[in-house]
Amino acid sequence: EQILRFSHRKDSTMNDNVINVIERTEVKCGCRLSLNKLLYTKCQHGRRWAIDEYGGVIEHPLLPPIVVCLCGSTRFWKIFQTASLEETLAGKIVLSIGAASATDDEHFGNLPREEYDRIKSELDILHFRKIDMSDVVFILNVNGYIGESTQRELDYARALGKQIRFLEDVKDEN
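With the first letter of the sequence shown counted as 1, position 108 gets the number 108 in the numbering used here; the numbers rise by one all the way through.
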């Protein structure tokens, strides 16, 4: 791992240390970091980096956990359970569908269509807020399947510049 050199100054508006990057370089995973005005950052691999007491950059496991939002078809609710457990055991905070115990149709299919549509719309909006809160969006594309709702969530996450992971390799869209 190479070391970045920093200068520190007080920011009069924030009364906190602000870090100015003097020199940028790669860290051990190959990412190039910019910690300008941040005390820590994440690289494209989701690893967390911080400034040590000597002004160098170190991988810092004690920083706030990465927040992952699971997205996919509720027909794969068992996959949501598995992914949630695996991500949690990896030390991440997991945001998921409200009830990973059945499909939306199984939960709400007996309701009148108007009520079903209202609930589904509210749940979709709530899931977009979960994406807002996340660092990483994990698309559970079982057998390559990405339905309309999941595609909207994926497009939204991309528009926000979120890091995106897929359960299965994605075929080239071109």
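Calculated from the structure, these hints are not laboratory results. Take these hints with a grain of salt, some might be off.
Capping the alpha-carbon separation at 25 angstroms, the derived lysine-lysine pairs in BS3-like fashion look like this [claimed, not checked]:
(1) Lys92 to Lys78
(2) Lys162 to Lys92
(3) Lys171 to Lys78
(4) Lys92 to Lys130
(5) Lys171 to Lys120
(6) Lys120 to Lys78
(7) Lys120 to Lys162
(8) Lys120 to Lys130
(9) Lys162 to Lys130
Label pairs and their in silico Cβ distance ranges [what the hints assert, rightly or not]:
(10) Ala159 to Ala90: 33 to 43 angstroms
(11) Ala159 to Leu126: 29 to 39 angstroms
(12) Glu114 to Gly91: 19 to 29 angstroms
(13) Gly147 to Glu122: 11 to 21 angstroms
(14) Arg75 to Ser121: 17 to 27 angstroms
(15) Asp169 to Pro112: 13 to 23 angstroms
(16) Arg165 to Glu114: 16 to 26 angstroms
(17) Ile93 to Arg158: 31 to 41 angstroms
(18) Leu160 to Asn110: 17 to 27 angstroms
(19) Pro64 to Tyr145: 12 to 22 angstroms
Since we're looking at a predicted model, the values are computed, not measured. We put the CB at the ideal spot given by N, CA and C, even for glycine.
Now for the hints, and whether the structure bears them out:
no., hint, verdict
1, Lys92 to Lys78, "holds (19 angstroms)"
2, Lys162 to Lys92, "holds (16 angstroms)"
3, Lys171 to Lys78, "holds (24 angstroms)"
4, Lys92 to Lys130, "holds (14 angstroms)"
5, Lys171 to Lys120, "violated (29 angstroms)"
6, Lys120 to Lys78, "holds (20 angstroms)"
7, Lys120 to Lys162, "holds (24 angstroms)"
8, Lys120 to Lys130, "holds (15 angstroms)"
9, Lys162 to Lys130, "holds (12 angstroms)"
10, Ala159 to Ala90: 33 to 43 angstroms, "violated (26 angstroms)"
11, Ala159 to Leu126: 29 to 39 angstroms, "violated (18 angstroms)"
12, Glu114 to Gly91: 19 to 29 angstroms, "violated (43 angstroms)"
13, Gly147 to Glu122: 11 to 21 angstroms, "holds (18 angstroms)"
14, Arg75 to Ser121: 17 to 27 angstroms, "holds (19 angstroms)"
15, Asp169 to Pro112: 13 to 23 angstroms, "violated (41 angstroms)"
16, Arg165 to Glu114: 16 to 26 angstroms, "violated (36 angstroms)"
17, Ile93 to Arg158: 31 to 41 angstroms, "violated (21 angstroms)"
18, Leu160 to Asn110: 17 to 27 angstroms, "violated (35 angstroms)"
19, Pro64 to Tyr145: 12 to 22 angstroms, "violated (33 angstroms)"
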